[in-house]
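Using the sequences plus the hints, can you model the full thing?
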Amino acid sequence: MPLTPAARFSSPGFLLNKVGFVARRWIADALAPLGLNGREAEILLRLRAADGGMTQRELCEQLDVDPSNLVTMLNKLEADGLLERTRDAADRRRHIVTLTAAGLRRREQADAAVEAVEERLLGGLTARQRASLRTLLLAVDERTAPDWTDGDETSR
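Residue numbering for the sequence shown follows my numbering, beginning at 1 and increasing consecutively.
Hints are computed from structural coordinates only; laboratory data are not their basis. Since the structure is predicted, the reported quantities are computational estimates derived from the model, not experimental observations. Misleading hints may appear alongside valid ones.
Beta-carbon label-pair distances, calculated as ranges [what the hints assert, rightly or not]:
| hint | residue 1 | residue 2 | range |
| --- | --- | --- | --- |
| 1 | T86 | L122 | 31 to 41 Å |
| 2 | L34 | D88 | 28 to 38 Å |
| 3 | D91 | L45 | 23 to 33 Å |
| 4 | A7 | L104 | 40 to 50 Å |
| 5 | L63 | R128 | 26 to 36 Å |
| 6 | A101 | P5 | 49 to 59 Å |
| 7 | E78 | D111 | 12 to 22 Å |
| 8 | T144 | R57 | 13 to 23 Å |
| 9 | K18 | G52 | 35 to 45 Å |
Idealized CB from N, CA, C, for every residue including glycine.
Structure representation (structure tokens):
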């Protein structure tokens with residue numbers, strides 16, 4: 001049975017799209033004074049989580065981004081003194097990307113900015129509702145991970 005127009009605009013897909021659009025805009029506005037966009041902040045987050053750094057290839061895979069686009073982002077972050085790239089001693093063809101002290105401080109500032117956006121966005125929810133929402137979003141995210149397919153390897 002097709003959805004009515006009213007039901008269509010309260011469907012989970014449309015709501016995720018609408019809320020996602022607003023969240024992206026608010027996060028972009030919050031990160032702009034820090035000189036970061038969302039993808040750059042995510043790079044800093046992933047590098048912080050990878051305590052000893054990671055290769056550019058690993059970053060490409062985790063971000064599901066084209067290597068040339070990643071290099072452009074890394075060049076900016078490196079020029080800003082937020083990360084550094086060094087040759088891997090075990091394989092000189094690879095670069096290891098690590099956060100600098102300034103990058104860690106900027107990541108902490110970005111965390112605070114995003115937390116303020118989350119409070120604005122989710123302020124009407126209880127702690128239990130927020131936890132449930134996070135669990136549900138993680139389950140949806142798992143199905144949209146870069147390596148997820150519907151059984152057809154060409155559907156990526």
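Evaluation of the provided hints:
1. T86 / L122: 31 to 41 Å: holds (39 Å)
2. L34 / D88: 28 to 38 Å: Given about 29 Å between the Cβ atoms, the range holds.
3. D91 / L45: 23 to 33 Å: Check passed, 25 Å falls within 23 to 33 Å.
4. A7 / L104: 40 to 50 Å: holds (47 Å)
5. L63 / R128: 26 to 36 Å: Given a distance of about 32 Å, which is inside 26 to 36 Å, the answer is holds.
6. A101 / P5: 49 to 59 Å: holds (54 Å)
7. E78 / D111: 12 to 22 Å: holds (21 Å)
8. T144 / R57: 13 to 23 Å: holds (22 Å)
9. K18 / G52: 35 to 45 Å: holds (40 Å)
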